[in-house]
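Heads up: the sequence lines are chains A and B, in that order. The numbers in the first sequence follow the UniProt record's numbering, run straight up by one, and end at 329. The numbers in the second sequence follow the UniProt record's numbering, run straight up by one, and end at 329.
Worth double-checking, as some hints may not be accurate.
Beta-carbon label-pair distances, calculated as ranges [to be verified]:
| hint | chain 1 | residue 1 | chain 2 | residue 2 | range |
| --- | --- | --- | --- | --- | --- |
| 1 | B | K260 | A | Q307 | 13 to 23 Å |
| 2 | A | S228 | B | T44 | 17 to 27 Å |
| 3 | B | R297 | A | A50 | 48 to 58 Å |
| 4 | A | L6 | B | R325 | 50 to 60 Å |
| 5 | A | G261 | B | E191 | 40 to 50 Å |
Dumping the calculated DSS-like pairs for lysine-lysine here, alpha-carbon to alpha-carbon at most 27 Å [claimed, not checked]:
| hint | chain 1 | residue 1 | chain 2 | residue 2 |
| --- | --- | --- | --- | --- |
| 6 | B | K247 | A | K303 |
| 7 | B | K31 | A | K260 |
| 8 | B | K305 | A | K303 |
| 9 | B | K207 | A | K305 |
| 10 | B | K305 | A | K260 |
| 11 | A | K48 | B | K303 |
| 12 | A | K305 | B | K48 |
| 13 | B | K31 | A | K207 |
Hints in this document: simulated from the structure, not taken from any laboratory. Built from N, CA and C at the ideal position, the CB exists for glycine as well.
There are 2 protein chains.
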Amino acid sequence: MKRFDLDYYLNGLKAENTVVLAQAITLIESKRRSDQDLGDLILTEILKEAEPSIRIGITGTPGVGKSSFIEGFGSFLISQGKKVAVLAIDPSSQRTGGSILGDKTRMEMLSKNPKAYIRPSASGSALGGVNNRTRESILLCEAAGFDAIIVETVGVGQSETLVNNMVDFFLLMIQPGSGDDLQGIKKGIMEMANGIVINKADGDQAKLAKRSKTDLLSALHLFAISDSGWQTQVELCSALEHKGFDKVWSMISSFEKQMKGNGLFAQNRCSQNVTWFEDRVNLGLLQVLTSQPELTRLHQQLKYKVQENECSVSQATAELLALARQLLA
Amino acid sequence: MKRFDLDYYLNGLKAENTVVLAQAITLIESKRRSDQDLGDLILTEILKEAEPSIRIGITGTPGVGKSSFIEGFGSFLISQGKKVAVLAIDPSSQRTGGSILGDKTRMEMLSKNPKAYIRPSASGSALGGVNNRTRESILLCEAAGFDAIIVETVGVGQSETLVNNMVDFFLLMIQPGSGDDLQGIKKGIMEMANGIVINKADGDQAKLAKRSKTDLLSALHLFAISDSGWQTQVELCSALEHKGFDKVWSMISSFEKQMKGNGLFAQNRCSQNVTWFEDRVNLGLLQVLTSQPELTRLHQQLKYKVQENECSVSQATAELLALARQLLA
């Protein structure tokens with residue numbers, strides 16, 4: 001990996017150079033201390049000149065058509081004068097590198113558009129398989145002039161919460177028919193979603209999609225309206241037939257307008273910064289501790305003992321934590 | 001929460017008393033230091049007399065019928081002389097407490113069986129929303145005489161890896177038709193799975209289920225055979241019609257026999273202990289650090305500054321980590 005100086009990155013981002021953007025994200029993802037320090041300098045600088053943007057999170061089970069939707073919706077946003085960046089959070093990529101966005105050809109049209117930037121998810125992972133640099137990547141994309149950021153995540157699980165903590169608008173994508181089986185959609189995700197899009201509302205499924213919308217809307221009434229005063233909306237869409245992108249965008253725009261009106265847009269981003277801070281602190285503190293030679297040595301010894309069944313996990317943990325407490329005393 | 005002494009828990013578990021089992025799991029899940037210490041004592045004691053057991057992880061997207069399958073399959077296992085415990089990992093429960101196993105009535109038949117124990121997932125969460133006490137709960141269930149442990153997880157995401165790291169056999173459940181759309185099943189999860197069950201192989205879908213099996217088997221040939229020499233198997237099942245449980249069980253039994261034959265069963269559990277140790281150490285080290293008054297004070301101050309936008313996340317993190325390094329120097 002080639003490294004450059006602070007000015008190189010700052011000038012390149014200012015010039016909206018996507019090659020430099022890619023290099024900056026790679027730098028941010030690096031585990032080297034010096035890279036991280038330089039990355040922090042870049043972030044601190046670019047935050048001084050932050051431009052308005054909208055960050056959209058998209059989730060949905062595999063096969064629901066997220067990639068096709070993003071391909072079409074991204075092109076629609078570009079036609080509306082936006083520059084679109086697509087990022088991904090893929091916590092399950094620990095073993096194989098994952099498939100999410102891994103193949104840029106899945107969004108062939110969009111990836112060729114000079115006003116789009118698609119970043120495949122990093123295969124590297126930190127603290128539990130989560131690539132925790134997506135937040136920083138969003139800021140870098142924005143510094144490079146991208147004002148619509150789409151963060152894709154796979155299916156159900158912790159990734160939902162992660163993405164929800166870094167976007168302005170959280171969109172749940174489902175298929176026609178899912179509304180019948182509300183057990184299938186976890187309440188937590190329904191509550192997180194600011195909007196629900198029923199994709200594949202075309203051909204044979206158009207009618208079913210309409211019924212799903214009705215079912216969903218009545219299900220949504222079971223939930224209390226959120227503190228923000230926003231009522232989750234449901235829209236139909238066909239990524240295949242390029243229909244409904246305008247309605248999805250107008251849903252997101254109404255949300256943005258309402259949240260900016262009541263001050264919650266900025267307030268939400270501030271709370272997200274706190275979460276981001278906590279995540280970075282947790283990760284950083286662990287790195288600080290595990291770089292203590294004495295602790296590292298005992299850690300290795302105990303790990304071996306656990307592996308060989310010479311020591312229970314509880315005993316080993318207690319012994320290591322005792323040393324940590326002693327070092328800090 | 002009522003607390004008891006070590007002997008109370010040990011005797012209760014030995015007597016296979018499920019009330020005491022529930023109390024012990026609650027103790028283990030507590031965040032109080034004294035509870036955790038007592039929990040560690042219990043774990044260290046029960047590990048001395050560990051009995052043979054089989055730990056089965058089950059994953060699949062919502063709506064695939066995991067609950068109905070576990071209800072039926074659990075009853076089948078009991079008819080084979082087993083005692084069955086059902087636990088859940090639900091990383092998305094951070095906000096609402098989640099729906100997974102939350103409603104015991106979803107497994108009404110099984111939950112009434114005295115040879116079954118069903119533990120709804122804890123709503124409390126630690127380090128990134130993950131209820132990291134499932135591993136300990138497995139051991140407690142085993143100490144209480146349960147020799148078939150089923151760990152359920154929701155959908156795709158990090159939870160798969162978590163569960164895979166604490167079970168002997170990892171089962172992926174899909175619906176008929178999913179085999180056509182291999183993009184929908186992440187390669188990582190396919191590789192993790194020791195067996196795949198196609199549920200809902202009944203009525204109109206019976207034929208489709210058979211074709212899915214063929215598709216899946218040929219897809220599985222794309223993967224190299226795992227280091228263990230085990231080739232992932234695919235079985236059909238209808239939880240609705242109570243069909244196929246015997247085949248699923250015979251698949252799991254063959255796996256168990258083969259892995260015990262080549263020594264990998266025990267070796268896998270030892271490796272899992274190492275992962276468990278690492279998880280506990282990471283969590284414990286953070287607790288040790290964050291209990292330092294000086295660090296806690298600065299942490300609170302910086303958090304406030306981040307919240308009020310007076311300080312960038314990068315700067316705040318750097319300042320806090322500098323203090324941590326200083327404290328350890």
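Check each numbered hint from earlier against the structure, then list the numbers of those it violates in ascending order. Violated hints: 2, 3, 4, 6, 7, 8, 9, 13; rest satisfied.
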